[in-house]
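Undergrad: All chains, full assembly: derive it from the sequences and hints.
One line per chain: the protein sequences are A and B, in this order.
84 is the number of the first residue of the first sequence in my numbering; add one for each residue after it.
265 is the number of the first residue of the second sequence in my numbering; add one for each residue after it.
Hints listed in this document are in silico derivations from the structure and should not be mistaken for laboratory results.
Keep in mind it's a predicted model, so treat the numbers as computed, not measured.
One thing to keep in mind: the hints can contain errors.
As the list claims (entries may be wrong) - Reference listing, derived: stretches of chain B covered by chain A, where coverage requires no fewer than 3 residues with Cβ under 8 angstroms from a Cβ of chain A:
(1) 282-290
(2) 293-304
(3) 310-317
(4) 326-335
(5) 416-426
Just so you know, even glycine gets a beta-carbon here, dropped at the ideal spot from N, CA and C.
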Amino acid sequence: MVPTHYFVILSAVLFGLGVIAFIFKRNIIAVFMAIELMLNAVNLAFVAFSQLWHRLDGQVFVLFVIVVAAAEAAVGLGIIILIFHNRQSLNVERIDQLKL
Amino acid sequence: MNVPLIIFFVLAAMCVLGAVSLILQRHPIHSALSLIVVMVALAGLYLLMGAEFVAAVQIIVYGGAIMVLFVFVIMLLNAGVEERTNMSKLAGFAGIPLAVALTGFLAAAVARSADASQGPLVAGAVAPTKTLSMLLFQDFVYPFELTSFLILIAILGAIVLAQPEK
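TA: Listed below in structure tokens is the structure:
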């Protein structure tokens, strides 16, 4: 069988790639996708530990995380559409009204 | 090399390649398609661990609903190729080393705790969907009801945000 720490290491690698994408992507939609990637990485760790300790709580948590991700996607993409209508750009560098 | 290990490595390679492709692709629609590859591979990993229900929800909700929403918005806004701008010096120099260090620390810390607790996991030992639903609708029934409020508020928020300006 597959040792649990393989899954956990894969989860950490995916989370790190999500962080890198979050830092380096310039398109606001791609930044949003990086957040989804990090949520998925955490879900993988949840399921791995749930199977390791033979408890299903972790999988219930994964369902909650998916629900929250769906709600976040709906609201976040609405905000992205508004930003595009106001600034005519999807580049995160252009959205700097709060910058000093 | 037993068969589950081979399947794991194939799916893990799909995950990592999809995530790297998400970073390297310049066009958002290509990034979205890479993310779909990651999500389908993750569903395969859940099946490998014996979490069938989570795998099905992953495909339906993530691969279906959320990614369709993303592709829809990309098409609606007619998002083109990402433009390169000069990133801040801090992100350019310290970004990748710090992210790699974070990954290393995370992997080391969490893998040690996984090693210390028990041996390899047995696929399908627990997690019949019936047990999962019992847990969801008995022990976690209040959080479950709260998520329905969350979805309701998210729908209202999306409608308010998408209203045309008066």
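Undergrad: Now tell me, hint by hint, if it's right for this structure.
TA: Here is how each hint holds up against the structure:
| no. | hint | in the structure |
| --- | --- | --- |
| 1 | 282-290 | holds (count 4) |
| 2 | 293-304 | holds (count 5) |
| 3 | 310-317 | holds (count 6) |
| 4 | 326-335 | holds (count 5) |
| 5 | 416-426 | holds (count 7) |
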